[in-house]
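Participant: Given next are the chains, with one letter for each unit.
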Amino acid sequence: MPLQGEYLGMSVAIPDLDRPNQEFYTHCGQGVLHLQSCVKCTLLRYPTTTACPWCAESEYVWTPVSGKGTLYSYGEVHHAIQPAFQQFTPYLILLVELDEQRDRPNRFDGLRINGNLADASGEMAKPEIVATVGIGSRLRVVFKSIGDGMAIPLWTLDTDVKQEAPWRYSDN
Amino acid sequence: MTAVRQPYPFQHNTPLVFWLVWERGDLMNAEIDATSEKFLRGKYAIVGVGETPYTRGSGTTTRALGTYAVRRAIEDAGLGMDDIDGMLSYSGNDSIPSTAVAGDLGIRLNFYMDVMGGGSSTEALIGIAMGVIEAGMCKTVVIFRSMNGYSQIRIGGTGRGSGASSLSGDGLFGRAYGQSSAAQAFAQTFMRHMYDYGTTPEQIAHVKAIHSEHASNNPKAYYKHRVTVDDVLSSRMIVKPLHLLDCCVETDNATAIVVTRMDRARDCKHIPATILSVVGRCCKPRIDNHYQAGPISTVAGHYAKEILWPNAGVGPDDIDLTGSYDAFTFTTMLQLEDYGFCEKGDGGEYVSSGIMRLGGARPNNTSGGHLCEGYTHGMNMVIENVRQLRGEIDDSCPVDANGKRQHTYDYSSGGCRQVRDPEITANLGWAMPGTGSALVMAKGER
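Same order as they appear, the protein sequences are chains A and B.
In short: position in the first sequence from 1, add 201, done, that's our numbering.
Just so we're aligned: 169 in our numbering is position 174 of the second sequence, and the numbers increase by one with no gaps anywhere.
Derived from the structure by calculation, the hints contain no laboratory data.
Ideal placement from N, C-alpha and C gives every residue a C-beta, glycine not left out.
One should not assume that every hint holds.
[As the list claims (entries may be wrong)] Some chain A residues close to chain B (C-beta under 7 Å, calculated; not the full set):
#, residue
1, Ala214
2, Leu218
3, Trp255
4, Ser274
5, Leu296
6, Phe309
7, Gly316
8, Gln364
9, Trp368
[As the list claims (entries may be wrong)] Computed Cβ-Cβ distance ranges for the label pairs, DEER-style:
#, chain 1, residue 1, chain 2, residue 2, range
10, B, Ile282, A, Asp361, 34 to 44 Å
11, A, Glu258, B, Gly54, 53 to 63 Å
12, A, Gln364, B, Leu239, 29 to 39 Å
13, B, Pro92, A, Thr243, 45 to 55 Å
14, A, Ile330, B, Pro48, 45 to 55 Å
15, A, Pro284, B, Gly409, 34 to 44 Å
16, B, Thr94, A, Asp320, 52 to 62 Å
17, A, Val240, B, Ser31, 42 to 52 Å
18, B, Ile282, A, Pro284, 49 to 59 Å
19, B, Ala29, A, Gln364, 49 to 59 Å
[As the list claims (entries may be wrong)] Stretch by stretch, here's where chain B covers chain A in the computed footprint (C-beta under 8 Å, at least three residues):
#, segment
20, 203 to 213
21, 219 to 228
22, 278 to 289
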């Protein structure tokens, strides 16, 4: 059966043929971020792919990861294109570098994951929180249920650690 | 904050002989050999160029636009419809195929192909044209791009009913996070460059200001008014770090060029724009998700330059003017930097130094480019450099009794935009941070 859900008024439909994405979002629905790990070279990868980008092996196992990382870069959207996002401006499109696999398999490589800034319950972050996040911010994954046992991963400030002042865009 | 400067051994004044390839811990030598012919260096040329007006509201179909531009390019070459037997086009499901245009013009084709692609396709298709002619499949190829990029299908997705279709596949990792337009997709790369190298919004805004100066001398340009750095910085924010004026214009237009072998190019109407080297859709690793392969502030030009310069037999210092793609101001800067026009990290300084202005040492996008002239996914920048090499830029300078334009080299608003005696140009095409193409052309047969 295709998995079907809805997020911010957008419909989600992952067909049976796309097993890797069905599994990725079902793991999220169970509350733990999992990534594909190559059975041959063991490297993790994101997003889901049909083979290992480093050794071309197609077999993989799902492996839980910490879901913690550092903001590597971001864009701050003031002019939303998609109707679903117009109520949330300014919103952040994050590129979060997970703590796992930094500089592997090559220098400057890493597990960098797209997502939005959210609050601890997975709702899109309010502007006053958006204004505090920048490159270097410590983030942790949160999940927002989208139906059919699936959830979408989002990111929130990690309140368990002391945050250093992040780097933020400045117009001067 | 502390800017993290990546070690990068490349110098602006590095001798041509050895350019160090620095990537991912590996060092290798890429030698530029200017004495022997590499691949098809000097054997092919662009002999004809043509375009429609750049408008918002063409009032006609992409078929009619494409037909008009193709006919103009063939006539510009001094050729007849019967001289063309190959056709290439590119689009993103927003255009008309070669068969329609060729049919309308009565051209019988020995070869055609319509490929999926946007920015950086122009240079790639020039390479394909050379290849199919070399293979004996046809003799002369016309390449076109036709789009109603404002009145029908807008690249940014505005007005296309974004979000209407279900999220699945790759959409789950992008569109689900409000990341659908090019500005939203590239912002992370641009922002990281500011972080890595201390690049400032003010430096980058010079790209728009300079291109607007050029456009003010281009009667064809959609935006002809000059803007200042302050105008850019005070325009509304689209996606940090991109203000409205950091983003290109959306227009309706078609553009076309004619590629043929040198033995035929000699008989065409204009001095040929001889192709020294071409790179097509060269990629960073992990092209599906280029941001996995860092540093993300390095773009595809870093790889493309290792093909471009050795094959051309010239390097950045030999280039008289550039056509660095300007879908966004940052795009121009990133490519100039990664193709080696300045040291890695000094792109902000380069684009704000004045070198890119008409009258500067190496002007960029003298037509005003995508930021001002019009959006054609790169082909108008190649057309501009072909005309520059001919010395026949279509500005407002007076035309003499023989129909020859008498260039004044007065670059003030409304004036000349012909560069003095350019010999070699470089076009740097951009699809996205992970994919780029490039083209080096020279004036006349080499």
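Participant: Hint by hint, say whether it matches the structure.
Facilitator: A quick look at each hint next to the structure:
Interface restraint check for A/Ala214: the shortest CB-CB distance to chain B comes to about 4 Å, inside 7 Å, so the restraint holds. Residue-level restraint check for A/Leu218 is violated (minimum Cβ-Cβ distance to chain B is 10 Å; threshold 7 Å). Given the 7 Å rule on beta carbons, the hint for A/Trp255 is violated: about 9 Å separates it from the nearest Cβ of chain B. A distance limit of 7 Å between C-beta atoms decides the matter here; for A/Ser274 the minimum to chain B is near 4 Å, and the interface restraint holds.
Annotation: A/Leu296 was flagged as interfacial toward chain B, and the flag holds, the nearest CB pair being 5 Å apart, inside 7 Å. About 3 Å separates the beta-carbon of A/Phe309 from the nearest beta-carbon of chain B, less than 7 Å, and the hint is met. Because the beta carbon of A/Gly316 sits about 6 Å from the nearest beta carbon in chain B, less than 7 Å, this interface hint is met. Hint status for A/Gln364 relative to chain B: violated, with the closest Cβ pair at about 14 Å, above 7 Å.
A distance limit of 7 Å between C-beta atoms decides the matter here; for A/Trp368 the minimum to chain B is near 4 Å, and the interface restraint holds. Separated by about 36 Å at the C-beta atoms, B/Ile282 and A/Asp361 satisfy the suggested range of 34 to 44 Å. One distance hint, 53 to 63 Å for the beta-carbon pair A/Glu258 and B/Gly54, holds here, with the actual separation near 55 Å. A hinted range of 29 to 39 Å for the beta carbons of A/Gln364 and B/Leu239 is consistent with their spacing of about 32 Å.
Our hint of 45 to 55 Å for B/Pro92 and A/Thr243 holds, since their Cβ atoms are close to 47 Å apart. Here the CB-CB span from A/Ile330 to B/Pro48 is close to 48 Å, well matched to the stated 45 to 55 Å. A/Pro284 and B/Gly409 have their C-beta atoms about 42 Å apart, which keeps the hinted 34 to 44 Å range intact. With their beta carbons about 54 Å apart, B/Thr94 and A/Asp320 fall inside the hinted range of 52 to 62 Å.
Look at A/Val240 against B/Ser31: about 47 Å separates their beta carbons, and that is inside 42 to 52 Å. Checked against the hint of 49 to 59 Å, the pair B/Ile282 and A/Pro284 fails, with Cβ atoms roughly 30 Å apart. Remark: the range hint 49 to 59 Å for B/Ala29 to A/Gln364 is upheld by a beta-carbon distance near 54 Å. Counting residues of the segment 203 to 213 of chain A whose C-beta lies closer than 8 Å to any C-beta of chain B gives 5; at least three are required, and the coverage claim holds.
Evaluation of the coverage hint for the segment 219 to 228 of chain A: fulfilled, as 3 residues show C-beta separations to chain B shorter than 8 Å, against a requirement of three. For the segment 278 to 289 of chain A, the stated coverage by chain B is satisfied: 10 residues place a CB nearer than 8 Å to a CB of that chain, which reaches the threshold of 3.
Violated hints for the displayed structure, listed by number in ascending order: 2, 3, 8, 18.
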